[in-house]
Amino acid sequence: MTRRSPAKAGVQERASAAVAAPWTPAFAGEQADPRTEYLLRLGDDSLILGQRLSEWCGHAPALEVDLSLANLALDLVGQATLLLGEAGDGDRLAFHRDVLDFRNCLLVEQPNGDFARTIARHLLFSTWQHMLFERLTQSADRFLVEFASKAVKEVAYHRELSSEWTVRLGDGTEESARRMAEGLDWCWRFVPELFEVDESLEALIANGMAPDPREFEDEYRTAIANVLAEAKLEIPADQRPIRGGRRGHHSEHLGHLLAVMQFLPRTYPDATW
Amino acid sequence: MSVDWPLWEVFVRSKGGLAHRHVGSVHAPDAELALRHARDTYTRRMEGVSLWVVPSAEIVASDPEQAGELFEPAESKIYRHPTFYDIPDEVKHI
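Residue numbers (the numbering used here), protein chains in the order written: chain A, 1 to 273; chain B, 1001 to 1094.
The hints are simulated quantities; they were obtained by calculation from the structure and are not laboratory data. Predicted, not measured: the structure shown is a model, and the values here were computed from it. Accuracy of the hints is not assured; some may be wrong.
[Stated by the list, open to error] EDC-like cross-link-like pairs, simulated, lysine to aspartate or glutamate; straight-line CA separation at most 20 Å:
hint: 1; chain 1: A; residue 1: Lys150; chain 2: B; residue 2: Glu1032
hint: 2; chain 1: A; residue 1: Lys150; chain 2: B; residue 2: Asp1030
hint: 3; chain 1: A; residue 1: Lys153; chain 2: B; residue 2: Asp1030
hint: 4; chain 1: A; residue 1: Lys153; chain 2: A; residue 2: Glu164
hint: 5; chain 1: A; residue 1: Lys232; chain 2: A; residue 2: Asp171
hint: 6; chain 1: A; residue 1: Lys232; chain 2: B; residue 2: Glu1047
hint: 7; chain 1: A; residue 1: Lys150; chain 2: B; residue 2: Asp1086
hint: 8; chain 1: A; residue 1: Lys150; chain 2: A; residue 2: Glu196
hint: 9; chain 1: A; residue 1: Lys232; chain 2: A; residue 2: Glu199
hint: 10; chain 1: A; residue 1: Lys232; chain 2: A; residue 2: Glu146
Please construct the entire structure, taking both the sequences and the accompanying hints into account.
Given below as structure tokens:
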């Protein structure tokens, strides 16, 4: 067996991907059709957050929390498998795209930080995802209805669990309250992106395939405020929002995550499970 | 962290009509999170339809040192088992 340099293998893979994949970005930044684009956005959200959470495996504050976070991660990777599989060749999309072709929101790619920041990120994301998936069960798209009907139960649990932890950390010790407040503060500037609607999403909203996130933004902000009130935490001060994930403009953190997630199938393209 | 958390005994009902069975224990800061931990630790593979958690400190246990006086006397009472009756072949489901 001859050894191939990872760089060379990567080049060959990209070349063959152009032939084999049902959908392949011609160049970074190009948008697919609105439905594919939507599947990529939802699928990448789940994939990247799943990968992030799995970084806790073996490092969580307690064995029980370790299992708990790994369960959340597995739910999310399972969702990504369905969504990216509907968008095209799921494995290729997960492992052979580069940073600029990922469509996840910026919130999910943020580093774990401490346990409190991970919980803050999960509270803010899963509350949004739960409200979205609830509405997605009424979509005009049959796949999305079937997908959302299954995933909404998983996400309801994610939302409850992260809400409970937020209350315990916020209303816990002085240190846990400080860490929880700092975690929320870190994540807060990525919330407005969740409610962004561009032309691509507009088209899906118009034909009834996707819910309009702006319609549940008030409900979302109220729900988060209620959890924070129970946790005896202040609502973070609004900061300049950071957006761009849906167009492939990501923070530097995503590249590092992809390097870990993608190196094996890119270095050994013929590897089988 | 788990050192500071109390221990909870976990009971799972595997399906409707069956009794809850002890499956193990989890650490958790309070009852609600004990249920969450029990769910994430013991029902990941569809093992159950219902969960109980009980603070381990609330379990009253027999003293292993008294096992002799508590349990050995039963060993010599085989007549307490209903094994001395002939059951007619026609009787099913006994």
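Now for the hints, and whether the structure bears them out:
The suggested pairing of lysine 150 (chain A) with glutamate 1032 (chain B) is violated, with an alpha-carbon distance near 24 Å, which exceeds 20 Å. A distance of roughly 29 Å separates the Cα atoms of lysine 150 (chain A) and aspartate 1030 (chain B); the hinted pair therefore is violated under the 20 Å criterion. Under the criterion of a C-alpha separation no larger than 20 Å, the hint pairing lysine 153 (chain A) with aspartate 1030 (chain B) is inconsistent with the structure, at around 24 Å. The straight-line distance between the Cα atoms of lysine 153 (chain A) and glutamate 164 (chain A) is roughly 17 Å, inside the 20 Å bound, and the hint therefore holds.
Using a Cα cut-off of 20 Å, the hinted pair lysine 232 (chain A) and aspartate 171 (chain A) holds, with the two alpha carbons roughly 6 Å apart. A hinted pair counts as satisfied when its Cα atoms are at most 20 Å apart, and lysine 232 (chain A) with glutamate 1047 (chain B) does not qualify at roughly 37 Å. Distance restraint check for lysine 150 (chain A) and aspartate 1086 (chain B): the Cα-Cα separation of roughly 55 Å exceeds the 20 Å cut-off, and the hinted pair is therefore not satisfied. Between the alpha carbons of lysine 150 (chain A) and glutamate 196 (chain A) the distance comes to roughly 25 Å, so the proposed pair goes past 20 Å and is violated.
Only pairs whose Cα atoms come within 20 Å are accepted, and lysine 232 (chain A) paired with glutamate 199 (chain A) is rejected, the gap being roughly 39 Å. With a C-alpha separation of about 38 Å, the suggested pairing of lysine 232 (chain A) with glutamate 146 (chain A) is violated against the 20 Å cut-off.
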